[in-house]
Amino acid sequence: MGHMAEPLVELRGVCKAFGNKPVLSDVDLVIYPQDALVILGPSGTGKSTILRIIAGLLAPDRGEVYVAGERRQGLRQDGLCRLRMGMVFQQSALFDSLTVAENVGFYLYQHTRLPEARIREIVSEKLAMVGLSGMEDLYPAQLSGGMRKRVSFARAIVDNPEDPDDDPYLLLYDEPTAGLDPIASTVIEDLIRELQEKTGHAYVVVTHQKSTIDRTGDRLILLYQGRICWEGTQREIQTTDNPYLRQFLSGDVNGPMRIIDQVGTAAL
Numbered sequence: 010m011g012h013m014a015e016p017l018v019e020l021r022g023v024c025k026a027f028g029n030k031p032v033l034s035d036v037d038l039v040i041y042p043q044d045a046l047v048i049l050g051p052s053g054t055g056k057s058t059i060l061r062i063i064a065g066l067l068a069p070d071r072g073e074v075y076v077a078g079e080r081r082q083g084l085r086q087d088g089l090c091r092l093r094m095g096m097v098f099q100q101s102a103l104f105d106s107l108t109v110a111e112n113v114g115f116y117l118y119q120h121t122r123l124p125e126a127r128i129r130e131i132v133s134e135k136l137a138m139v140g141l142s143g144m145e146d147l148y149p150a151q152l153s154g155g156m157r158k159r160v161s162f163a164r165a166i167v168d169n170p171e172d173p174d175d176d177p178y179l180l181l182y183d184e185p186t187a188g189l190d191p192i193a194s195t196v197i198e199d200l201i202r203e204l205q206e207k208t209g210h211a212y213v214v215v216t217h218q219k220s221t222i223d224r225t226g227d228r229l230i231l232l233y234q235g236r237i238c239w240e241g242t243q244r245e246i247q248t249t250d251n252p253y254l255r256q257f258l259s260g261d262v263n264g265p266m267r268i269i270d271q272v273g274t275a276a277l
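Here the sequence shown is numbered in our numbering, starting from 10 and rising by one per residue.
Honestly, the hints are just simulated from the structure, not real lab data.
Glycine included, each C-beta is placed from N, C-alpha and C at the ideal position.
The reader is advised that the hints may include incorrect statements.
As the list claims (entries may be wrong) - Computed Cβ-Cβ distance ranges for the label pairs, DEER-style:
1) Gln247 x Arg127: 36 to 42 Å
2) Tyr75 x Asp190: 38 to 44 Å
3) Pro42 x Gln119: 34 to 40 Å
4) Gly83 x Val39: 18 to 24 Å
5) Glu15 x Pro265: 34 to 40 Å
6) Leu147 x Gly260: 34 to 40 Å
7) Thr195 x Glu245: 23 to 29 Å
Model the full assembly from the supplied sequences, consistent with the hints where possible.
In structure tokens, the structure reads:
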């Protein structure tokens, strides 16, 4: 796949450790406009850490992060960022004490001077896009896990229609189907695709669930022990003989990936 457009985000030689535990080691990654990128790999290999560095919620220890062609210094500063991003966290991260409408409209209430009635309109439009019309006045505790996840999607795509620069061009999904049953997972996977068709945004999905890999990824990156072990397309995933990818997809205990036990030490 040829990419002529300027990358949205580029990581060059990114390293990150927590204490004395290295989590990312010399990662190079490019995200292009309209990308449908899945970062896959076992739990605890740095997938969510990459997502947080892309979002500007974490700064790398070493390496460079470029956003819309400009090098980011430290953490994200909203006023200086030329690229709006929306992030869907693994646990949905909704405010329990706020209604669905207040959760979805939170960014607009905090960062714009739009009148309340206009914010309600925008919120209703986004909720309709994720199949939750009429849910505005419910609270998160009244929703199923899959519905809470969809509320967090609506929140991630909220923008100020009166500001042409305020459109999330990149959506980041951290384990979007974790803890959901297979039917709810399918709904979420379809929604990730539908939102891209409706908005044209690029997205990055972090997951280790096979259905999510199959249904949401055009371009795929396998991360293991903080390094990229394989990169390719959905078509190439069927034919590759990369031993890391083959072991990960088959769930085989034998192979180059070591099995990590509960305490985080290698069991093999």
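Now for the hints, and whether the structure bears them out:
no., hint, in the structure
1, Gln247 x Arg127: 36 to 42 Å, "violated, 48 Å"
2, Tyr75 x Asp190: 38 to 44 Å, "holds, 39 Å"
3, Pro42 x Gln119: 34 to 40 Å, "violated, 27 Å"
4, Gly83 x Val39: 18 to 24 Å, "holds, 21 Å"
5, Glu15 x Pro265: 34 to 40 Å, "holds, 35 Å"
6, Leu147 x Gly260: 34 to 40 Å, "holds, 38 Å"
7, Thr195 x Glu245: 23 to 29 Å, "holds, 24 Å"
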